[in-house]
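We have chain C; now place chain Y onto it with these hints.
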Amino acid sequence: MDSESNDMENNSSVDIERKIERIIYQAALALDKNNWADWFKLCDDSFFYAITSFSPEISKDMTYFSGDKKELTGLMEMLPKHNTDHSPLHRHTSVYTIDVSEDGKTAEAVSSVVIYQNMLDGINSHLDSGESRLFVIGKYHDKFVIDGGEPKFVNRETKIDNRRLDKGSHWPL
Amino acid sequence: MDFAENNPNGSIDRDQASVSEKVAAKALDQAFIEEQKRIFKNSWVPVCHESELPEPYDFRTSSIGNENVIICRAPDGKINALLNVCPHRGMLIERRPQGSFLEGQASGNPKRITCMFHAWQFDMRGNCVYVAREKEGYQDRFCKDDAGLRRLRCEVNFGGFVWVNMNDQPAVFLEEWAGPAFSSIQSQISSEPLEVVHYHKEVVEMGYRQLMSQSLSAVDSYTAATSFDYGHLVTRHGKADNQDAAKGNSFPSPNAETCTSVRIFPGFTFNLDGPTLNVSTITPLNESQVMIEHRGLAPQMDNKESRHLRSKYYNNKFGPFRLQELSEPEQNESDPVKVNSWYTHYNDEWLRWMDKHPNGETRIAELPTSRSKEGELDENSGLSGPHIVVIGASHAGVAFVDKVRKNGFVGRLTVFDRQVGGPMERPPLSKGFLLGGGETVESKSLLRQKKWYKTNRIKLKTQSNVEAIDTKKKTVTVSSGDVIKYDSLVIASGAIPRELPDAQGMGNAFTLRQPSDANAIRQAANNSDTVVIIGGGYIGLEVAASLRKKGMTVTVIEAAERILARVASKPLADRLTKLHEDNGVQVLTGVGVDSINAEAGIFESVTLTSGEKIVGDMLITGIGVFPDSTLAASAGIETQRKDGGAILVDEAMRTSEKDVFAVGDVALRRDQLLAIESVHNAQETAAVAAAAVTGSITPTIQTPWFWSDQYDVKLQSVGVVPINDDDVYQVARPGKREGAVSFWSYRGDDLVAVEVVNDPATYMEARQCLDTKQYPDPEQISNPSFSPIDSGGARS
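So the sequence lines, in the order shown, correspond to chains C and Y. Using the numbering used here, the first residue of the first sequence is number 1, and each one after it goes up by one. Using the numbering used here, the first residue of the second sequence is number 1, and each one after it goes up by one.
Because the hints were derived from the structure by calculation, they are not lab data. Just to be clear, a hint being listed does not mean it is correct.
[As the list claims (entries may be wrong)] Restricting the straight-line Cα-Cα distance to at most 35 angstroms, the calculated cross-link-like pairs of lysine-lysine (DSBU-like) are:
#1 Lys152/C with Lys304/Y
#2 Lys549/Y with Lys111/Y
#3 Lys658/Y with Lys454/Y
#4 Lys461/Y with Lys472/Y
#5 Lys70/C with Lys201/Y
#6 Lys37/Y with Lys356/Y
#7 Lys304/Y with Lys60/C
#8 Lys304/Y with Lys139/C
#9 Lys33/C with Lys201/Y
#10 Lys69/C with Lys201/Y
#11 Lys60/C with Lys41/C
[What the hints assert, rightly or not] Residues from chain C that face chain Y, not an exhaustive set, calculated with beta carbons under 7 angstroms:
#12 Ser55
#13 Pro56
#14 Glu57
#15 Ile58
#16 Lys60
#17 Phe65
#18 His82
#19 Arg164
#20 Asp166
Nothing here was measured: the structure is a model prediction, and the numbers come from that model. Ideal placement from N, C-alpha and C gives every residue a C-beta, glycine not left out.
Here chain Y stands alone, though its shape is the one from the complex:
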């Protein structure tokens, strides 16, 4: 959004005081403070672009809601966002707008973030690595491991922008929050690496809402506009203004002649205009001033001529010396706010965040909580109406309670989880988590922080195992002996990893499912040099990659003729096999395990069916899971087999008992042959069940997707690759980046699945193809210049 265009006569900030002085002077304005606290400190904010910190140890500083933030790139290339405030005395640490920690500074060592006041030092993840006179000054009263810079939620997405949320538990994930709005330009802005080539900022003399009002009042003249949830808006208009500049030099295809503006609440606009991408982000300074930062982006691979043409075009449209069309006189602060449907859409969202919505809708529900007789917080106290009990606080269980609240359910919600601590994120357990060195599971790995349960009035009972279900009396019996009555029951008990009988009870032999499993593996790995992994599935391979990165000698044993035999195409499996072998992992396929050997009860070796003996310090078994349906089967709820298997459900995830639902890995729809074990499936089935319980509209099920990280390779797949289907074939499509490739699986002319390696833009295109059933021609898909989503190339 070119905010300034809607403020045509806006003038220079004529106060001689610096911005920071003015911020301090005017920060007492209560409305401004409320907006900062409620909206900006809870929103996803694009603080910079990844190209602004291209190398390890590069950093950039920014601020959100008057809080100073530092964004830095760690040695492994990952971008982290930290509060730029020393935990010692609360002083601002880094004062430069951008730079590198690679070289030492006058008051800091190389590769460290150093506070100039007392020389406390931090690494690129915010861990405190040095405290001056730690032992002499603090003795045992303090340890640097207890300090550290506050780490903020940070993701890189939507064209390589770095998004930060000051709230540790955002109301919604970034992808869910902004993904639908970005879908119209995602393929263009992600098709190749971009870099920021223009930057300037301006301060406009009006308050935040006034600016938004003026900006949105211009939307009516646009040819098309679409509103999205969370207050976002996408507008499209006309042909690009400067045809000469745009001609033959469009922004990565196919948006040569249309200006598409993705306006993200509360005030970040991505303008894809002819050959240019402009991103304008706002930072309210006080009740009457807003700073707008303008970034111009271009493909990194641009040649000089293209870059020059884009620059000319950009300067004419978005540069600080651009011309402004004569227009209506601007509004004064005292004028009533202009209202149109788009402003109403924005304002509704503003009201939700500010807790002022006339319908009581809110984004941050800070409902009062009360305490039970035992003094324990009882989130259900004071609530009336139906009681929903959820068994299992897995991804599916937590997604269900989240969705059911968002659907407007106001009754009681109780979640029983047999695990210690809160529900955890599962995907990182086999990846980055294993690389850490701590002895505990970090709170940042929690699916939701404790406050979230309080806020949403969800009673979470951990270390509570449900031992019986009585579907007649509609009760569950908990390990504590309590019998709890329910109106609706949701089973989200997940799955249990398969174990090899020989390895049961053996020391240093592990499976991986729960955070406690990952923690045990991590501890054992810290004292081991070699590991044997049985099973060449995703879990086994991710663990192999993580432990190899840790420096261990790794052997993977797979009984099938290739790895990923049940879940991935052969071309992808071959590529991943080579990846692991290139990284020094020994991958053995087509060979079974004859015996697992221990010495003094501790794992010692694996004897293969070939007679070969593989010795190791630890063993990890990753040979699949089976649904944890014993409880349901015992209660007479229909399962695949009488003795177990998945719980069978209908399209609404309802089991054979009308008030009992099953979601996630434990459930299987009667009309499907195959259970899908993924976070996506957990979330989708949870949303369907939540809709059924609350009588809401059933959400559309998206094509299944999945992702995996191994070494520096990001794999994304969409759709389900049919296995052992002779009619299915794959076509390889080279990506534009080095090492990028995708494998498109077809049955005849029908696209059934796409597996993508290091190519997020192609992944988005593939999702779009499968979701819309627009199948690109298999004979052309191998041509990287052929666009799979171009209507000319797609066929349904």
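So here's chain C without its partners, still in its complex pose:
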């Protein structure tokens, strides 16, 4: 392989990493807006989502929530028929690592995520609405398929540190 093709490959790899970074931030924006359609556009048909946590209390890895694209779509349709907290969530995400496979067809990324909640409804919205508070901390462990130079989510594991989860949200984090 000559130096020119090495440069092209390096440029291509950097380009992919930028695209992956961008798609993670786009996902955060879509999720902040509860814009599920836009979020799903970033995901492959084989996409699988899970919220997990490790509990030092019982020394176990746990899955709090999981579903494929079909199940998630069903959930979004059902949500309006159920009670939920409508306080908006704001995700602060920092992409830490991106690893693109040697063949350039897949990639994995780890991002830190801190989610704040801006209170809207609750016990006494007269007092509480407008206040912002820390909701959840954790990391995104994402996997991507890269097709035609464009990455799409195939798996997201939202690994949260919280085990105290008061009532409030049923949305994917």
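Only chain Y this time, still in chain C's reference frame:
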């Protein structure tokens, strides 16, 4: 109970302060403090599951009523609960939620609980084992043996949960308190070992009672609900929601399609729902916040696929991201409490504990006490009405006074006991007690603490031997010379161990009945290497197991052709014989004792009828007991024989004298051929007599049960195994756990008794079969997949 479902719009705790800061800030609320003190510190609380501390030296921390508790597993596998506070300066010791003491920490040695402040160290039973600069700093003013972490009442039961009661003398035993409520799901949750696989907690923004009100207000919509004593409630409803998930993957049979919720007062709910078991426990934080912990449990033996299906189902029903059905707007704090019959049931119990019940009913009677002229506390002072005198503070005697008070008796109660100290628990005397090294009988072995007698206005006179009964004058004469008048007399004098004439008065030769006997054996064992035990009954075998565990060389001599010849089936006896032999005990059967030999008045050896001589440092005789009825016989009360035997009683435990009752080992009903010597019999007969004295409804007598611990084997039996009955046969049923087995004794098609080894779930099923007279098919019972309580398999 999914408390959160009843608080659908409950929101996030939005106070930025930590929970502990808020607890401290709001702890001044008086009602909250009263609830903590009166209810939560006196209730049995499921603090964690045994799977959360699976290995020796593992620990878990929790809190009850703002008191920090540490639960740890001792090297012998036993789980203990201790106050997580150093007795030195009152500092919190362990701060992690869970972990292990096996490895050393920065401020602690391996296998020790160490306070980081001054390095005092404690073992897994809470004993203080190290005090820094003990001799230099304290000289003889203090000894570490006098310190120790406060040990709390702790039991593992109902699916492997660890239950702790902050009260050393709970108002009621755990089994009695919650057993009836759990009976509907006990066989499912105990059929195989479980583990906690899901855990999360939440804080709801409402007070404890408000939460209970909201939770119970939903019960009316359930298809069936049953209330139980002590404020418990069991609800059942519908089919499990997610049939696909439940299908073929039900929680250990047979509850695939029904949700059963066992709601234990004051707020612990076990939801058996399709393929999942959810346990929600509440911890009030202050007057307006409650923390709820949610645990999801699954069988340890689950394969990956089953575990995944259960997890999906669990998350949909109980997980933190579950969906909530749209429902009525929630109640505000200012709204009146919703009332339905189930809330009333709960509230009645709350009122009893808070001493506010309109009928004066109470769970914690803190009645005033007064002092006699001699300055001695006189619990009978100020009371009027009939006087009941009880002779003997055995299990039966203490159970009687307990029951008679609970039946509403408000007159005077006096108990005479010839023993020193308070009445003791007898079963541990031949088991764990002998393994201890102390020189005194521990107060934790007391049947009831002294405070209990004061609280219940029971005058306990220890070291007081009743020497005569006059049934005409209705008096008893006590060793002090006092003549005490009674209105009703209850004889609970128990039984006396049989002794071999050769061994009487011999040094290092013992029988075992009283705590003083156990203490003497324990002291002698500490200075002995070998022991000879005459008698292969339960007492002899339990002592053999305990002393073998202590490292002694043990020989058991049984004259009959097998051990337990009078009380157990042959298959069980064979199994226990092998158990003892595998543990290094020499078991000799079918051979008698020709002579017991002493040297300088101290036991030296036993010569068998075979001529063989067994040498030992100490001798223990366990060849049965005879009723202690001399006093009754002397008073003209009818006994089995003119010269003694059991006191004969009717169905109400009334003797030939209408105002005299007999309970426990000393009594024998005229319509029965055989006396049953067990704690169960003591408690049952005491309850019957208490009902007769107070005119209450006679309780239903349960099928007799019995238990024994030998090495790591737990034996439980229910029913009485007929001995020398050629029509009786046994069928062995393998258990699901390794080493578990049960022996089902039948006469024809009728089940008469079941003996269970290391299989509590089968024991519960067997009890249910015998209590309800639903006898499983003997031809199928050996099949472990056949359910004995399944209506399809049982026949009456």
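Structure-based check of each hint:
no., hint, in the structure
1, Lys152/C with Lys304/Y, "holds, 29 angstroms"
2, Lys549/Y with Lys111/Y, "holds, 21 angstroms"
3, Lys658/Y with Lys454/Y, "holds, 29 angstroms"
4, Lys461/Y with Lys472/Y, "holds, 24 angstroms"
5, Lys70/C with Lys201/Y, "holds, 29 angstroms"
6, Lys37/Y with Lys356/Y, "holds, 14 angstroms"
7, Lys304/Y with Lys60/C, "holds, 15 angstroms"
8, Lys304/Y with Lys139/C, "holds, 25 angstroms"
9, Lys33/C with Lys201/Y, "holds, 27 angstroms"
10, Lys69/C with Lys201/Y, "holds, 28 angstroms"
11, Lys60/C with Lys41/C, "holds, 34 angstroms"
12, Ser55, "holds, 5 angstroms"
13, Pro56, "holds, 6 angstroms"
14, Glu57, "holds, 5 angstroms"
15, Ile58, "holds, 5 angstroms"
16, Lys60, "holds, 6 angstroms"
17, Phe65, "holds, 4 angstroms"
18, His82, "holds, 4 angstroms"
19, Arg164, "holds, 5 angstroms"
20, Asp166, "holds, 5 angstroms"
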